[in-house]
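We have chain A already, so just place chain B with the ligands on it with the hints.
One line per chain: the protein sequences are A and B, in this order. 1 is the number of the first residue of the first sequence in this note's numbering; add one for each residue after it. 1 is the number of the first residue of the second sequence in this note's numbering; add one for each residue after it.
Calculated directly from the structure, the hints in this document are not laboratory data. Using N, Cα and C, we set each Cβ at its ideal position, and we do this for glycine too. Among the hints, a few may not be true.
[To be verified] To give an idea of the chain A side of the interface with chain B (calculated C-beta under 7 Å), a few residues:
1. ASN236
2. PRO237
3. ILE246
4. GLY248
5. ARG249
[To be verified] Calculated Cβ distances over 12 Å to all of chain B for the following chain A residues:
6. ILE81
7. GLN112
8. ARG140
9. ALA177
[What the hints assert, rightly or not] One side only, chain A facing chain B, incomplete, derived with CB under 10 Å:
10. MET206
11. ALA210
12. LYS232
13. ILE233
14. PHE234
15. THR242
16. GLU243
17. THR247
18. PHE250
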Amino acid sequence: MEKVFTIKKLNLKYGEKTALLDINMDIPKNEITALIGPSGCGKSTLLRTLNRMNDLIENCHVKGDIKYEGNDIFSKDFDVIDLRTNVGMVFQKPNPFPMSIFDNVAYGPRCQGVKDKKILQETVIQALKNAALYDEVRDRLKESAKELSGGQQQRLCIARAIAMRPDVILMDEPTSALDPIATAKIEDLILELKQKYTIVIVTHNMQQAARISDNTAFLLMGELIEYDKTDKIFSNPAKAKTEEYITGRFG
Amino acid sequence: MTYRTQFDSELDNLKLNLIRMSDLVIRNITDALHSFINMNSELAERIIKEDKLVNDFEYSIEKECMRIILREQPVAKDLRLITSVLKMITDLERIGDHAVDLSRLTVFMEKSEGNFNLPQIKLMIDVCEEMIRLALDSFVNKDINMAKEVIDKDDLVDDYFEEIKQLVVKAIKENNISADYSIYLMMAAKYLERIGDHAVNLAEWVIFSITGEHQ
Ligand SMILES: Nc1ncnc2c1ncn2[C@@H]1O[C@H](COP(=O)(O)OP(=O)(O)O)[C@@H](O)[C@H]1O
Ligand SMILES: [Mg+2]
Chain A
1 MEKVFTIKKL
11 NLKYGEKTAL
21 LDINMDIPKN
31 EITALIGPSG
41 CGKSTLLRTL
51 NRMNDLIENC
61 HVKGDIKYEG
71 NDIFSKDFDV
81 IDLRTNVGMV
91 FQKPNPFPMS
101 IFDNVAYGPR
111 CQGVKDKKIL
121 QETVIQALKN
131 AALYDEVRDR
141 LKESAKELSG
151 GQQQRLCIAR
161 AIAMRPDVIL
171 MDEPTSALDP
181 IATAKIEDLI
191 LELKQKYTIV
201 IVTHNMQQAA
211 RISDNTAFLL
221 MGELIEYDKT
231 DKIFSNPAKA
241 KTEEYITGRF
251 G
Chain B
1 MTYRTQFDSE
11 LDNLKLNLIR
21 MSDLVIRNIT
31 DALHSFINMN
41 SELAERIIKE
51 DKLVNDFEYS
61 IEKECMRIIL
71 REQPVAKDLR
81 LITSVLKMIT
91 DLERIGDHAV
101 DLSRLTVFME
111 KSEGNFNLPQ
121 IKLMIDVCEE
131 MIRLALDSFV
141 NKDINMAKEV
151 IDKDDLVDDY
161 FEEIKQLVVK
171 AIKENNISAD
181 YSIYLMMAAK
191 YLERIGDHAV
201 NLAEWVIFSI
211 TGEHQ
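Looking at chain A on its own, in the form it has when it is part of the complex (with noise of 0.2 Å):
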């Protein structure tokens, strides 16, 4: 099995505040692994960590080692822009940006440059359509994208960060914010890029990191307890703690 992110006793502190503690795992290639746990656990600092987000937040300081695709992502010659194209992010409540819809998936492709009309058309059709979107959106691609629905919006996000041609798509509780609906057309979606994309997802619903994930990760309180097969972690965990959380039993 091919490993995109290899984790290795990775730490890291906001200020004197521990939020991750000795962190090894491996992030296989075109799988989808999902991160559980209570509120606070690390989940979305570990995320973060993934395509170095987390240098944008101050007093944070990071031990350990992180390689992507086989490179240490805090080498002082790593290009942490080029991370962040290769590992794009989608988070909790959609953020379009304060444009029209073409122009939100055109932002990343014009940012690197591209400039030729035809392939951005292109760029920007194939990323709606692998987001599930064209077929809603083909006919008012010059409206703002602030009149699309909630789960239209976190589409678009998706579209946006396909656009980018990434390898990896991070995703931060990206249905917390939406009806079953909208939720059940994203998580068709998530497995639908499996086929060309690594995911990480965080979230809380349990069910959802049951249906779609192939790798389930429990962290508490910044410790990785568990990491498995998801069919494993949720028929038969090894640790208490992972049984205590996930049956619903957790004091």
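Just chain B with the ligands now, kept in the frame of chain A:
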């Protein structure tokens, strides 16, 4: 502190109902065996009537499992418990059916000519009874070793079946047994052998609910 107290009490209730169903099945099978040994067709008739209660238990426990799955979306040990209960009630119901089969046999045999005593039948009955009891105890006590004991005992049941078969064949050859009786005895032995298999299934589901592994 633990949460989901409502869920926990539903699970406790489910276990309790399984135990009640097992008790009923064990009683019926014990009575059926005695009715068979003592050729007591009155007892046999009662068992045939009681089988409806076993079926009712299976139905209501099954419904309860479905309801819990639907409403509580159980995972891990909870899911394994409910899966095991769903499978165990099927085996219990089958054992109950065999109690009825044996009772019907009793009624036939009492009416038919001749008799032929085989102590092996009584021995086979005792092992089967013990297997069902042990399987249930292993469920209540979450005791894997006890469940494994049930599985081991099945060899004994199979040995008795072979022995009875050979004795009946011998008796037929020597003209010591009536045609009716030879068939009835073999049928009884076969029902008992099947009861042993169902007891093994029960034990295997107990092991699954504890370890998550099913052989
Ligand atoms: N920017 C920050 N500054 C200081 N502490 C933070 C920051 N972000 C998160 N934390 C703390 O780190 C811990 C983990 O947070 P987070 O990764 O957001 O958890 P989760 O996503 O699992 O809810 C929490 O205790 C949280 O308060
Ligand atoms: Mg979070």
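Quiz item: Which earlier hints can't be squared with this structure?
Solution: Structure breaks no hint.
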